[in-house]
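Asks: One-letter residues, chain by chain:
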Amino acid sequence: MTLTKKFIALLFTLGVLSFLGIVLGSVLVPLDWSNELIFKLRIPRTLTAIICGAGIAIAGLLMQTIFRNPLAGPSVLGISSGSTLGVAIGVFTMQSIGETWLNEKFSLSILAVLGAMLVTAFILGVSRFVKKSNTLLIIGLMMGYFVSSVVNIFSFYGDKTNLQSFVYWGLGSFNKEIELDTLSIYYIPIILIIILVFFLQKPLDVLLMGEKYARSLGLNVSKIRWISILFAGVLVGVITALCGPIAFLGIAVPHLARNFIHKSSHKWVIPFTLVMGSVLGLICDIIARLPGMDGNLPLNAVTSFIGAPIVVWIVFKNKMV
Amino acid sequence: MNKTTTLSLSNLDIGYTKENPLIESINIEANQGDLIALMGLNGSGKTTLFKTILGETPSIRGEIEVGNSSHEIHKNISVVFTERIDIYGFTVADMIAQGRAAHTNIFGKLTSHDKEVIQEQLIALNLEDIATQQINSLSDGQFQKVMIARALAQETQVLLLDEPTAFLDVKNKRMIHDLLHSLASSGNKTILVSTHDVSFCNSYCSKSWVIDNKRLKEKNPKEITELFFD
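Residue numbers (the numbering used here), protein chains in the order written: chain A, 1 to 321; chain B, 1 to 230.
The list that follows gives simulated cross-link-like pairs (lysine-lysine, BS3-like), each with its CA atoms no further than 27 Å apart: (1) B:K214 x A:K212; (2) A:K212 x B:K115; (3) A:K5 x B:K109; (4) B:K75 x B:K51.
Hints are computed from structural coordinates only; laboratory data are not their basis. These figures come from a predicted structure and were not determined experimentally.
Let the hints inform the model, and build the full structure from the sequences given.
Replies: Shown next, in the form of structure tokens:
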């Protein structure tokens, strides 16, 4: 199958899954556009799964390229934990601060973005001195644990009502029951960055050859790294603020895309990662709804259930054991 | 610079501290068609000299003139390193196309001229048959050959190779050495190769630059043999 045909097949799958995302759920809703449930619940949820699935996958791709490490990803290197810390600080301190200086959700998003970027910048700074990727991964994992422990301390001292909503948020969900107008505040930066990432395809390709070759081809390596960090940090931060930390999609999807097309050039990998991120996001969301049953499975339970075996497969395939 | 001089180092001190330069007072020139062996003991400053020429490490003092008046190093110098890079999902042709990155637009779109250059390198280095083969499936020797093709596709006057055959067996070493010799003599390139291989230096190279006692000097085969074997 040619790459174009593969892409069309993926788009078709995305179309079918979007349809299923709208009609399936605890209640089977016929595709009746006058039905309020569709506009208020199902369409926003499906759109969130498509956009955030694509966004988190692109963040994972950026990180795998700048770290030149197949196991890099928002949830592995502690970036999602950084966002979680940002949100925890926001949730547990805002009440004591009183009225927030901005819309609460907006300020939470900014804190989540800052948390994500802070951890990414730390990991990137350390990566300059650490040659072995395994060491870097261990440092990233430890960073994740460290940040999580700070989050736990905040949770312990935090207000119990806030704690409940924080724990619930941490389980992850594409179902936000928010009006589309409000959701678009989250969608816009994600879509904007995804568009901008297309302009990075050439430098990202050059970076795949390693820093030394990239420099010899005239690439300003540190500039591209920092732009990528900024983009990955904003993507992870905004998506985490909206949906909670999403495990494994960021690391797994770029690998699935590369293996599907047998290419690493970002000219191809970016669009395939985008659509596959949306497809996997929708699949996880549909499974999380458990059609015919009340309630939802936590999104993270589903993404981990699917994503963890994929990561193990990557480790074996790359002979990392 | 003479008409055929492609690389000129004058009054150059290199290293990391002013007080203790690695090599000092370098005054040397390379011309079109030169295949030069850069020799010196480990830690003598070969890699630092490369980094300084590439603009990655600032010089302490002196001047480096490369090719034409363009200040864009990557349009004047291309480079091949020792280590094999771990890369998946690139064919031989894709990798050679990376050499065009210095010339393509923001999206890396290859023009018809870029495609011609890539095809020329595939033919010149006898890589046509494996053009669509994945780069990670190649032997070490073939891989280095592709990296040299990639550097040539960059269309620079000067080519720097940092111990390109360090990990290769005798057969592959010879193949790369023959290739470099023919590129320098027929292609009018200036090729500077850092190496510890005295026989390569004596049998293939037109010049030898030797770092000894913080000085970089051109030496003849007899002097080199004396220096490294006595």
